[in-house]
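Residue numbers (the numbering used here), protein chains in the order written: chain A, 94 to 205; chain B, 1065 to 1177.
If you're looking for bench data, these hints aren't it; they were derived computationally from the structure. Positions of the beta carbon are idealized from the N, C-alpha and C atoms, including for glycine. Some clues are possibly wrong.
Unchecked claim - Partial list, derived from the structure: chain B residues whose beta carbon lies under 10 angstroms from chain A:
#	residue
1	Ala1066
2	Gln1105
3	Lys1142
4	Pro1145
5	Val1153
6	Leu1155
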Amino acid sequence: SQQGEEDPQALSIQEGENATMNCSYKTSINNLQWYRQNSGRGLVHLILIRSNEREKHSGRLRVTLDTSKKSSSLLITASRAADTASYFCATARGGSARQLTFGSGTQLTVLP
Amino acid sequence: EAGVVQSPRYKIIEKKQPVAFWCNPISGHNTLYWYRQNLGQGPELLIRYENEEAVDDSQLPKDRFSAERLKGVDSTLKIQPAELGDSAVYLCASSQLRTDEAFFGQGTRLTVV
């Protein structure tokens, strides 16, 4: 079963715009991670935020976490065509990748 | 450093036939996972190994699926017999014990006809 649910399911923007994806989950977590998957490829880890953190940055990525609402958002600033991919949130109940549960993903399309 | 290697990349088989997937994790990674990803969905865990021990196989359909990780390195996932509903991408991932990030292979896309 999927723990996280991403919103929207699909997002199409112009190059240079910002993209925001949201993730909601159901149970308490140790950390929440975001992964990217290019078409026909495996998943690549992007960023991790722990349950005691509220915001984290990595390059053009900004992640927020609201444990009271059981939700997270991923912001990609100044998007590029190469950012076109599916983005998944994954929640970890334990203190490691051992108990990762993935959401259903957001398909992001960045138009040149 | 090589990443997680999976083979084959693609496999097409007729229903009721057997199929096997192979995974070589990143060197030194004790934990190995097999996930199944249906079209338009996120990955779902089938089985997790710590070294050679299967520590979580609650989502593995044991009537037709089997897995092994001999010597705690490479792993094989087998389906026998395959059904039409088994068509999916099978992803292998690995991580170090007590670390937070999983590294994924490119997956095997299985089509059962």
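Here is how each hint holds up against the structure:
1. Interface restraint check: Ala1066 (chain B) against chain A, minimum CB-CB distance 13 angstroms, threshold 10 angstroms, status violated.
2. Annotation: Gln1105 (chain B) was flagged as interfacial toward chain A, and the flag holds, the nearest CB pair being 5 angstroms apart, inside 10 angstroms.
3. The closest approach between the C-beta of Lys1142 (chain B) and any C-beta of chain A is roughly 21 angstroms, which is over the 10 angstroms cut-off, so the hint fails.
4. Checking Pro1145 (chain B) against chain A by beta carbon gives a least distance of about 26 angstroms; that is not within 10 angstroms, so the hint is violated.
5. At about 9 angstroms, the closest approach between the beta carbon of Val1153 (chain B) and any beta carbon in chain A falls short of 10 angstroms, and the interface hint on this residue holds.
6. Below 10 angstroms, beta-carbon pairs count as interface contacts, and Leu1155 (chain B) has one with chain A at about 6 angstroms; its hint therefore holds.
The structure does not agree with the numbered hints 1, 3 and 4 stated previously, though it agrees with the rest.
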